[in-house]
Amino acid sequence: MSMNNQGRPTHATQGGSEQILTFTGHRALVQEEDLIFDRGRSGKWGVDLPVPKGRANRLGGTARKGEIGLPDLSEPETVRHFVRLSQKNYSIDTGLFPLGSCTMKHNPRLNEKMARLPGFGDIHPLQPQETVQGAWELIDRLAHWLKTLTGMPAVAMSPKAGAHGELCGLMAIKAALQARGEKQRTRILVPESAHGTNPATAALIGYTVDTVPATDRGRVDLAALKAKLGPDVAAVMVTNPNTCGLFEDEVREIADAIHGAGGFFYCDGANYNAIVGRVRPGDLGVDAMHINLHKTFSTPHGGGGPGAGPVVFSQALAPFVPLPYVVADGDGFRNVEHSGEAGDGETPFGRLTAFHGQMGMFTRAMSYMMSHGSDGLRQVAEDAVLNANYVLAQLKDVMSAPFGDTGPCMHEALFDDEFLKGTGVTTLDFAKALIDEGYHPMTVYFPLVVHGAMLVEPTETESKETLDRFIYAMRSLALEAKAGNKEGKTDRFSGAPYLSPRSRLDETAAARKPVLKWTPPAAAQAAE
Amino acid sequence: MRYLPLTPGERQQMLAAIGARSIDDLFVDVPEAARLKDPVDLPRFMGEMQVERELGALAAKNMTASSVPFFVGAGAYKHHVPASVDHIIQRSEFLTSYTPYQPEIAQGTLQYLFEFQTQVAAITGMDVANASMYDGSTGTGEAVLMAARITKRHKAVLSGRLHPHYADVVRTVCGHAGANLAVEIGGVHPTAPEDLAARIDSDTSCVVVQNPDCFGNLADLRALADAAHAKGALLIVVVTEAVSLGLVTSHGAMGADIVVAEGQSIGVGLQFGGPYVGLFATREKYMRQMPGRLCGQTVDGQGRRGFVLTLSTREQHIRREKATSNICTNSGLMCLAFTIHMTLLGEHGFQRLAQLNHEAACDLADALAEVPGVEVLTRSYFNEFTVKLPKPAAAVVSALVKKGVLGGVPASRLYPGDKDVENLLIVAATEVNTDACRAAFAAALTEVLS
Chain A
1 MSMNNQGRPT HATQGGSEQI LTFTGHRALV QEEDLIFDRG RSGKWGVDLP
51 VPKGRANRLG GTARKGEIGL PDLSEPETVR HFVRLSQKNY SIDTGLFPLG
101 SCTMKHNPRL NEKMARLPGF GDIHPLQPQE TVQGAWELID RLAHWLKTLT
151 GMPAVAMSPK AGAHGELCGL MAIKAALQAR GEKQRTRILV PESAHGTNPA
201 TAALIGYTVD TVPATDRGRV DLAALKAKLG PDVAAVMVTN PNTCGLFEDE
251 VREIADAIHG AGGFFYCDGA NYNAIVGRVR PGDLGVDAMH INLHKTFSTP
301 HGGGGPGAGP VVFSQALAPF VPLPYVVADG DGFRNVEHSG EAGDGETPFG
351 RLTAFHGQMG MFTRAMSYMM SHGSDGLRQV AEDAVLNANY VLAQLKDVMS
401 APFGDTGPCM HEALFDDEFL KGTGVTTLDF AKALIDEGYH PMTVYFPLVV
451 HGAMLVEPTE TESKETLDRF IYAMRSLALE AKAGNKEGKT DRFSGAPYLS
501 PRSRLDETAA ARKPVLKWTP PAAAQAAE
Chain B
1 MRYLPLTPGE RQQMLAAIGA RSIDDLFVDV PEAARLKDPV DLPRFMGEMQ
51 VERELGALAA KNMTASSVPF FVGAGAYKHH VPASVDHIIQ RSEFLTSYTP
101 YQPEIAQGTL QYLFEFQTQV AAITGMDVAN ASMYDGSTGT GEAVLMAARI
151 TKRHKAVLSG RLHPHYADVV RTVCGHAGAN LAVEIGGVHP TAPEDLAARI
201 DSDTSCVVVQ NPDCFGNLAD LRALADAAHA KGALLIVVVT EAVSLGLVTS
251 HGAMGADIVV AEGQSIGVGL QFGGPYVGLF ATREKYMRQM PGRLCGQTVD
301 GQGRRGFVLT LSTREQHIRR EKATSNICTN SGLMCLAFTI HMTLLGEHGF
351 QRLAQLNHEA ACDLADALAE VPGVEVLTRS YFNEFTVKLP KPAAAVVSAL
401 VKKGVLGGVP ASRLYPGDKD VENLLIVAAT EVNTDACRAA FAAALTEVLS
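Chains A and B, in that order, give the protein sequences.
The opening residue of the first sequence carries number 1 in the numbering used here; numbering runs sequentially from there.
The opening residue of the second sequence carries number 1 in the numbering used here; numbering runs sequentially from there.
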């Protein structure tokens with residue numbers, strides 16, 4: 001059957017240059033979508049389950065009375081709801097996602113396929129150990145790769161995210177100090193450029209945080225650090241490469257200084273992608289480092305999790321690896337789940353999670369690492385660093401790069417808002433304008449050591465062509481910000497974003513009177 | 001290499017644009033001695049086929065839950081997950097997005113988090129819920145820290161029937177916490193009443209009780225809640241089987257101040273223990289002491305409803321060492337799986353699923369009670385209960401494996417060295433078990449015990 005046989009071929013029209021208000025609120029492919037709770041109870045089913053026999057009740061008088069308050073949707077309505085929601089998200093598969101310190105790289109679908117093999121996805125953490133030998137072997141193999149790549153002798157696999165890994169690392173340090181009878185060591189040195197998780201983790205386990213200033217080269221001030229050392233210092237937490245995107249070139253001196261003072265060297269491995277396969281943290285004097293599998297090893301970020309944060313340890317901390325951990329045992333593997341099962345010299349500091357860690361992420365990371373191999377992972381670091389330096393080189397004449405003249409950056413390029421001075425445009429405005437240009441903004445206002453920071457991390461999975469287009473967008477915006485000020489036209493920035501599913505949202509109102517869940521209209525009115 | 005788009009020629013052009021002679025010039029800040037000259041000693045790159053072959057061989061060594069009659073629980077449960085759940089969570093826009101720091105282009109993630117929070121508050125019977133924790137066990141640790149912040153007291157009283165791994169997580173966190181938090185754990189007995197109220201004193205911040213507990217016992221917690229509140233302590237209820245919330249009176253209605261649950265049963269699957277999703281809900285008055293991410297409703301410049309991360313002044317990236325928790329990520333994609341599955345279930349479906357689970361357990365208990373030498377110990381339960389065997393349960397479970405049945409978790413796996421529980425087997429039943437599965441289990445157990 002021929003289509004459109006009574007109509008006429010369409011011609012391109014001028015539509016699109018002006019916003020029109022639609023009757024529905026939808027805008028072509030961007031569909032407005034209510035909350036599932038707005039649909040209410042309808043008696044529909046999205047899952048067909050057998051009819052219960054209805055006789056059993058051994059609930060001991062605890063049976064629920066009354067409704068829970070969940071809406072009813074059929075399967076097609078549910079699928080459409082979530083597909084429409086998905087279309088309001090920017091993702092790495094949509095385009096460049098240069099969020100500094102987050103390593104938004106391509107997430108290979110092979111990893112998803114491997115994690116869904118029933119032999120990995122459909123096994124229970126408390127099945128008899130002899131029925132999951134392949135799972136222990138996978139964990140053991142991943143552990144071997146992580147230890148070999150980092151040059152560290154031990155690894156704790158169970159931490160569930162980067163911050164959980166930090167907790168694991170500091171707990172091992174605390175346990176080691178207690179074993180040495182040095183409970184007086186309660187101070188942790190943290191550079192001012194550190195991720196917020198570093199001081200938060202240190203405080204969580206009872207340490208006081210002492211901030212170390214940065215030099216004008218964007219590195220840890222070694223002299224200031226040395227001046228702060230003393231018999232009460234437990235550890236120093238250094239991110240390397242650091243959050244300015246720079247390698248701490250005095251890292252060996254930092255390690256020697258902290259070791260000389262009897263403390264430990266914790267390295268935040270969030271930026272490990274810059275050096276994987278080219279530099280082993282073990283060669284730099286590191287005692288503990290968490291590895292974000294969701295950054296360096298490409299497990300998907302999933303809109304904010306799940307992550308996975310294994311921690312590699314030096315010999316000094318190896319005995320304190322928390323439960324559980326896998327050991328080779330004769331022809332097979334065994335999972336040590338209780339301190340009574342630990343081997344000689346093993347004194348695990350405790351347990352961080354109910355089961356064995358993020359198995360689904362282990363499988364994905366292993367699939368990624370095997371795909372790259374030792375040679376490919378080295379190339380990952382090289383291309384990540386090359387891409388960042390290319391972006392820096394192409395932008396530093398129109399933007400301001402506070403450390404742009406101190407040498408190469410690593411995997412991310414840092415800019416500040418010096419170039420926006422006098423334009424009336426802020427870092428936030430600049431970021432929001434980038435949304436209209438089709439990009440997810442870079443990390444903004446972090447690190448705190450420069451004013452109005454913009455931290456750009458392209459990662460190695462972006463092509464030169466993509467980078468060139470991004471550079472064009474950034475240069476155009478930078479030039480426009482400067483020119484717009486002369487002409488009194490900066491609304492491109494101050495009102496941005498214009499083209500996203502929502503314009504700027506009122507975060508102040510959200511925090512002042514928090515609405516954290518849907519309430520039925522009647523109840524909502526009564527509350528006002 | 002298929003994941004790396006730069007060509008050798010482009011690399012040269014880019015180095016030239018940077019003004020570097022070679023890639024080594026970009027690594028000059030690394031101390032010379034630490035620059036590796038060659039790749040480390042690991043296998044070289046592999047194509048998809050090779051990776052699939054190698055990992056497929058490892059996967060094939062494991063006995064999968066779907067391949068045998070399966071009754072393993074104790075903190076993770078085998079449930080059917082509708083096909084659309086796994087399809088939707090693999091959409092690029094969900095799978096490969098980040099924490100919604102730029103809300104204008106992350107409304108998809110934010111809206112489902114808001115829906116998730118609403119669902120969690122509804123099923124727990126609480127006022128507010130956060131956007132998830134790593135899992136139920138880490139959520140329990142956070143809840144104990146939160147109770148200490150609220151009450152400014154130093155002792156947590158834990159039920160001896162709280163999952164021992166959860167108790168270990170709490171002990172580890174509190175043992176290392178700065179506030180000098182003590183943890184007192186009740187005795188382990190699978191059925192005897194546990195007088196936790198008697199352990200509450202003026203320095204007790206909270207009582208932590210699992211319901212149903214680790215042996216499957218289901219209890220009415222109202223009296224315990226009253227006892228805790230009378231002494232100024234909070235009641236924290238831990239739920240490891242979220243499906244139970246469809247059939248059991250909500251813990252909010254029973255007087256809980258914080259409810260922590262493992263959400264794995266809804267949408268997530270077994271996955272050998274992770275990633276899972278921790279549900280965390282509390283009363284409105286404690287909202288600002290909650291750990292983790294929170295999604296809140298607001299409006300945009302045109303007055304349209306939208307969602308943002310909110311109350312972030314509690315969080316590490318703003319508050320640094322003064323934050324309520326060091327948490328940065330939640331369990332985003334697992335929240336999504338939970339939310340989709342819960343949406344498909346709806347009011348009727350969720351309650352029916354819970355009823356089917358309870359009936360499956362009752363049927364299984366009846367079948368196992370017929371096996372000579374087996375005694376069902378648990379009287380009130382949801383979908384999990386404990387049986388006493390005439391010999392050590394660990395050996396029985398291994399013998400059952402040889403007969404192609406995964407028959408539960410020996411209590412000795414969780415409480416090693418405790419002779420009193422050596423013969424106890426914790427058995428879970430769900431909607432996936434058929435009459436044939438139950439008959440096969442009973443027959444295999446009869447043979448193993450005879």
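Among these hints, one or two may not hold up.
As the list claims (entries may be wrong) - Derived DSS-like pairs: lysine-lysine, alpha-carbon spacing no greater than 30 Å straight-line:
| # | chain 1 | residue 1 | chain 2 | residue 2 |
| --- | --- | --- | --- | --- |
| 1 | A | K65 | B | K231 |
| 2 | B | K61 | A | K113 |
| 3 | A | K65 | B | K285 |
| 4 | A | K513 | B | K388 |
| 5 | A | K113 | A | K183 |
| 6 | B | K61 | A | K147 |
| 7 | A | K513 | B | K285 |
| 8 | B | K388 | A | K53 |
What the hints contain is simulated information worked out from the structure, not anything from laboratory work.
Comparing the hints with the structure gives:
1. A:K65 with B:K231: This hinted pair holds, its Cα atoms lying about 29 Å apart.
2. B:K61 with A:K113: Roughly 17 Å between the alpha carbons, so the hint for K61 of chain B and K113 of chain A holds.
3. A:K65 with B:K285: holds, 26 Å
4. A:K513 with B:K388: violated, 53 Å
5. A:K113 with A:K183: violated, 48 Å
6. B:K61 with A:K147: Roughly 24 Å separates the two Cα atoms, so the pair holds.
7. A:K513 with B:K285: holds, 13 Å
8. B:K388 with A:K53: The given pair, whose Cα atoms are some 28 Å apart, holds under the 30 Å limit.
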